[in-house]
Amino acid sequence: MKSNFRKTKDLSLKVLYIMGVLIAIAPLVSVLWTVVREGYGALTPTFFTNTPAPVGEVGGGIAHAIIGSFVVVGLASIVAIPWGIILGIARSEFPKTITDNILGFAIDLFMSIPTLLIGLFAYGLIVMRMRTFSAWSGAFALMLIMVPLITKTTEEMLKQVPLTVREAGLALGLPRWKVILRIILPGSIGAVSSGVLLALARISGETAPLLFTAFGMRTFSQSLSEPIATLPVQIYTYSISPYDEWRSQSWGAALVLVMLALVVNGVTRALIGSRTRGKK
Amino acid sequence: MKHRQDILFKNSLGLLSWAFIAVLVAMILSLLHMSGLAWEKIGFSFFTTSHWNPVKHQYGVAAFAWATLVTSLLALLISTPLSLAVAVSVTELMKKRAGRVFGFFVDMLAAIPSVVYGLWGIFVLVPLMRTQVQPWLFENLGWIGIFSEVPYGVGILTASIVLAIMILPTMSSLLREVFQTIPLTQKEAALGLGATKTEMIYLSVVKSSKSSIVAAMVLGLARALGETMAVTMVIGNRNDWMKSIFSPAQTMASLIANEYVEATHDLHLSALALVGVTLLMISSVIQLVFRAIYARGRK
Amino acid sequence: MKHRVVTLIRIVINYLFAVGLVAHANADSGLRMHGAGSTFVYPLFSKWFSVYQKERDQTLINYQSIGSGGGIRQLIDGTVDFGATDIPMNEEQLKKASREVYHFPVTMGAVVVTYSVAELTSELRLTPQVIADIFLGKIVKWNAPEIVALNPGLALPARYITVVHRSDGSGTTAVFAEFLSKTNPEWKEKVGTGTALQWPTGLGGKGNEGVTGLIKSLKDTIGYVELTFALSQKLPVALVKNPEGEWIKPSLESVLVAAANMLRTIPDDFRFTITAAQGSGSYPISGMSFYLLDSRLKREKLEKWNESLKLLRWMLGAGQEYSQALHYARIPKPLSEKMLRRLTDLEKVRK
Chain A
33 MKSNFRKTKD
43 LSLKVLYIMG
53 VLIAIAPLVS
63 VLWTVVREGY
73 GALTPTFFTN
83 TPAPVGEVGG
93 GIAHAIIGSF
103 VVVGLASIVA
113 IPWGIILGIA
123 RSEFPKTITD
133 NILGFAIDLF
143 MSIPTLLIGL
153 FAYGLIVMRM
163 RTFSAWSGAF
173 ALMLIMVPLI
183 TKTTEEMLKQ
193 VPLTVREAGL
203 ALGLPRWKVI
213 LRIILPGSIG
223 AVSSGVLLAL
233 ARISGETAPL
243 LFTAFGMRTF
253 SQSLSEPIAT
263 LPVQIYTYSI
273 SPYDEWRSQS
283 WGAALVLVML
293 ALVVNGVTRA
303 LIGSRTRGKK
Chain B
18 MKHRQDILFK
28 NSLGLLSWAF
38 IAVLVAMILS
48 LLHMSGLAWE
58 KIGFSFFTTS
68 HWNPVKHQYG
78 VAAFAWATLV
88 TSLLALLIST
98 PLSLAVAVSV
108 TELMKKRAGR
118 VFGFFVDMLA
128 AIPSVVYGLW
138 GIFVLVPLMR
148 TQVQPWLFEN
158 LGWIGIFSEV
168 PYGVGILTAS
178 IVLAIMILPT
188 MSSLLREVFQ
198 TIPLTQKEAA
208 LGLGATKTEM
218 IYLSVVKSSK
228 SSIVAAMVLG
238 LARALGETMA
248 VTMVIGNRND
258 WMKSIFSPAQ
268 TMASLIANEY
278 VEATHDLHLS
288 ALALVGVTLL
298 MISSVIQLVF
308 RAIYARGRK
Chain C
-2 MKHRVVTLIR
8 IVINYLFAVG
18 LVAHANADSG
28 LRMHGAGSTF
38 VYPLFSKWFS
48 VYQKERDQTL
58 INYQSIGSGG
68 GIRQLIDGTV
78 DFGATDIPMN
88 EEQLKKASRE
98 VYHFPVTMGA
108 VVVTYSVAEL
118 TSELRLTPQV
128 IADIFLGKIV
138 KWNAPEIVAL
148 NPGLALPARY
158 ITVVHRSDGS
168 GTTAVFAEFL
178 SKTNPEWKEK
188 VGTGTALQWP
198 TGLGGKGNEG
208 VTGLIKSLKD
218 TIGYVELTFA
228 LSQKLPVALV
238 KNPEGEWIKP
248 SLESVLVAAA
258 NMLRTIPDDF
268 RFTITAAQGS
278 GSYPISGMSF
288 YLLDSRLKRE
298 KLEKWNESLK
308 LLRWMLGAGQ
318 EYSQALHYAR
328 IPKPLSEKML
338 RRLTDLEKVR
348 K
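Respectively, the protein sequence lines represent chains A, B and C. The number in the numbering used here is simply the position in the first sequence, starting from 1, with 32 added. The number in the numbering used here is simply the position in the second sequence, starting from 1, with 17 added. The numbers in the numbering used here rise by one with no breaks, and the one at position 210 of the third sequence is 207.
Simulated from the structure, these hints should not be mistaken for laboratory data. Incorrect hints may have been included.
Claimed, not checked - Pairs of lysine-lysine, DSBU-like flavour, derived with a Cα cap of 30 Å: (1) C:K187 to C:K246; (2) B:K27 to B:K112; (3) C:K93 to C:K187; (4) C:K307 to C:K330; (5) A:K191 to A:K128; (6) C:K135 to C:K231; (7) B:K112 to A:K41; (8) C:K135 to B:K260; (9) B:K260 to C:K213; (10) B:K214 to B:K112; (11) B:K27 to A:K46; (12) B:K73 to B:K224; (13) C:K93 to B:K73; (14) B:K224 to A:K41; (15) B:K112 to A:K191; (16) A:K191 to A:K210; (17) C:K238 to B:K73; (18) B:K73 to C:K246; (19) B:K214 to A:K41; (20) C:K307 to C:K246; (21) C:K295 to C:K51; (22) B:K27 to A:K191; (23) C:K307 to B:K73; (24) C:K179 to C:K231; (25) C:K295 to C:K330; (26) B:K73 to C:K335; (27) B:K58 to C:K93.
To be verified - Just a sample of chain B residues kept apart from chain A, beta carbon distances all over 10 Å, derived: (28) K27; (29) A82; (30) V103; (31) F121; (32) V141; (33) P152; (34) R240.
Claimed, not checked - Covered stretches of chain B (in silico footprint by chain A; criterion: 3 or more residues with CB under 8 Å from a CB of chain A, positions within the stretch not fixed): (35) 57 to 64; (36) 70 to 79; (37) 89 to 101.
This structure is a prediction, so every number in the text was calculated from the model and none was measured. By construction, the Cβ of each residue, glycine as well, lies at the ideal position given by its N, Cα and C atoms.
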């Protein structure tokens, strides 16, 4: 049936795709491998339970930074996830209005602002007023970085929902908001959450906006209104030090960060997967 | 009744949209406010000259703006086909489970802090570029002219490659999710008509997701324009015009990252804020161009 | 699958709880002070503050290395309780602070010229003039007659020199540039002194680790880093000719000598630098790091002010014992005595 030429074309294109994947994946594997190789040695049990030790003393850990990252990223998500998804809905369901045009432009523009400048904005707005660095200000900066990322992916996912689904809902006599929130959004929850998770992963690795907001801390913080340690800042501080001991801990902390992202991601996906599967 | 609820719904979405826009406006205003001093002292020549001397307080952004454009677009050029290949393979060519695990793995690389990408760049990529890639390109393609430079290993191309790697997870993830939502019927229709697998991929997957591909490119480009830490490590940080794609250079974002933290002089700080404003202006022009291309493509 | 997920969640939650409990149990109601600034002093400070917290009262001192300039800015903005910097604050910065900021040099270091040339087996010798010419881009090859004349026994290759400098604003650059400005009029006129410069030539690396990375992964390079960095990373260092005409190897001792030789000219506010120090045995690219004591604390947070004075006493006394092991130079005795007298004055004013 199919001509020889088309078969060869098919095959060579497939080879091309696979080659593309290999080229794309080689550096990613190399980065991951470097992190594992350099960081593996630092992963002792105390690394997860202790706070930092000075150079030359054993038993330093990053427990405070792990907790801190959870706190700051968690605070940021509480606002950013709903806000981002809502903006995504606004863009996909009410397109081509003036609001939509301006919002779309704002979202795209916002993503290209260096995150350091977003941190400085949070510094001027919160840190200068409170006269202290705080978890709040760090979370605020991360939240601003997160919203456009979520909006962008949510918008793209919701746009993929076929028109027929919307029409079917409306034909049933449901109000539009119900169609959106009860049918369209749950229908693409898997795809939307994958965008949210990506945004989460992305902001958990941000250093620059936290330097002037969450700052850093030598131990556990006692309130959200004082400086707080986070993994990326800890990684940064250790990576610029002259001592191999600390540098190795810096890679170790990077490995922990990737592993945490993996766990959070895997768990969420499994939960959503089992829920949607249960429904069907 | 139904109608009223819908209006309420729509209005609250509008309110939240404008709240976000207001944040952006506030940021831009505060940047403009901070850069006021530099604008007053330096004026328009800030955009046309390329001196950057914090000691003598001469500031010009032209060379950095150019380098920013080149690195970001180059990164996009590398990353777009690769992320397309990844997304297509994960959704169409691989077994379902393998594809899921693989996609998941690629996504996770977005969590690696850019400092780590930067360090990887210095210790793995730079030596490779210097000893293998650059001499090879110079020998075989040197006549083109854009490859001629002393092989440092750091520079525009190295920075673009690191950027491409960093934006790849984000871009491929978006594309993958979009491809996954394409209805099976659409694909089967193509196959039913006798299309080969790759023809089907082109006709029913890639072609019908054009707008999402543009969206992914905008997403990747935005990240590339604003990326600081990793670029700073591998671009060579030379405050001068680039001569070839191997030249050490400096992007606007890396300049801000390099100098903002340590700067204490008012004019210096203000000039760096003005670099931020320039970056935003360039970014908006690029967004508008992308929009125009997209709108034209649809007609 | 589902079972595994539940187990995973449980592990994560249990971990968070356990660590949270430990944190809660260790929570102290003691004083918490926050400081920011110089990256150079960070390892020493983290040792000091850890020991201080254990030995003395439960005061927790949190120091973050965001860079000297950053520390000065945060101090002026009043977001931190103290700062640390590798170069003293200038008049303009003090005016902006519009209050007294006391400088206390608490430790010392040096900037060293390091390089990577395969053929070189023994140490390179360089004069300030040659260093300036290399970084100005006037000497471009390793076998230039100026370098050969200083190093007759060395096999210097006929290859180009790749200059590596710091790209980020940094106290290290300021010390290096100040040394060159003092010794070379051409440098002073063309480039000058500052934390960030317009470099006539070369590549920029971010941070000491960026410069070290470039020097190691490229060939035929020359650059400058902190002495602590060179010592811990075992980098080759160049001997530099000091104003007395002696060849000095950078070391903790020759830095101490440089400071000791400057003692007669120290101003009362302790804002001084020790580059190109006169006197025998002093390494010419040495630098001091200052603890910045904010007089605002006296008015607004008296408890922290008192604690700062106690801390400074400890740093200048018992604290100095920890310097050597971490590759920091001690403060010369006469200088610390002078500072202790200043501390006594400050304590008196309080009463």
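Hint check:
1. C:K187 to C:K246: holds, 28 Å
2. B:K27 to B:K112: With Cα atoms ~42 Å apart, B:K27 and B:K112 exceed 30 Å; violated.
3. C:K93 to C:K187: holds, 28 Å
4. C:K307 to C:K330: Judged against 30 Å, a Cα distance of about 18 Å means the pair holds.
5. A:K191 to A:K128: Cα-Cα ~13 Å, so holds.
6. C:K135 to C:K231: Holds - the C-alpha atoms of C:K231 and C:K135 are around 29 Å apart, at most 30 Å.
7. B:K112 to A:K41: Holds, at roughly 22 Å.
8. C:K135 to B:K260: This hinted pair holds, its Cα atoms lying about 21 Å apart.
9. B:K260 to C:K213: holds, 25 Å
10. B:K214 to B:K112: holds, 14 Å
11. B:K27 to A:K46: This hinted pair is violated, its Cα atoms lying about 45 Å apart.
12. B:K73 to B:K224: Judged against 30 Å, a Cα distance of about 54 Å means the pair is violated.
13. C:K93 to B:K73: Distance of about 20 Å is within 30 Å: holds.
14. B:K224 to A:K41: Holds, at roughly 18 Å.
15. B:K112 to A:K191: It holds: about 26 Å lies between the C-alpha atoms, which stays within 30 Å.
16. A:K191 to A:K210: holds, 17 Å
17. C:K238 to B:K73: holds, 29 Å
18. B:K73 to C:K246: With a Cα-Cα distance of about 33 Å, the restraint between B:K73 and C:K246 is violated, given a limit of 30 Å.
19. B:K214 to A:K41: Holds: B:K214 and A:K41 sit about 10 Å apart, inside 30 Å.
20. C:K307 to C:K246: Measuring from Cα to Cα gives roughly 36 Å; hence the hint is violated.
21. C:K295 to C:K51: holds, 25 Å
22. B:K27 to A:K191: Roughly 17 Å separates the two Cα atoms, so the pair holds.
23. C:K307 to B:K73: Judged against 30 Å, a Cα distance of about 41 Å means the pair is violated.
24. C:K179 to C:K231: holds, 29 Å
25. C:K295 to C:K330: Measuring from Cα to Cα gives roughly 28 Å; hence the hint holds.
26. B:K73 to C:K335: Judged against 30 Å, a Cα distance of about 36 Å means the pair is violated.
27. B:K58 to C:K93: With a Cα-Cα distance of about 20 Å, the restraint between B:K58 and C:K93 holds, given a limit of 30 Å.
28. K27: violated, 6 Å
29. A82: Answer for B:A82: holds, closest chain A Cβ roughly 13 Å.
30. V103: Given that some Cβ of chain A is not farther than 10 Å from that of B:V103, nearest at about 5 Å, it is violated.
31. F121: Nearest chain A Cβ is 7 Å from B:F121, so the label is violated.
32. V141: Violated: least Cβ distance 6 Å, not greater than 10 Å.
33. P152: Given a closest Cβ separation of 20 Å, the condition holds.
34. R240: violated, 7 Å
35. 57 to 64: Violated - the segment 57 to 64 of chain B has 0 residues with a Cβ nearer than 8 Å to chain A, which falls short of three.
36. 70 to 79: violated (count 0)
37. 89 to 101: holds (count 4)
The structure fails to meet hints 2, 11, 12, 18, 20, 23, 26, 28, 30, 31, 32, 34, 35 and 36 from the earlier list, while all remaining hints are met.
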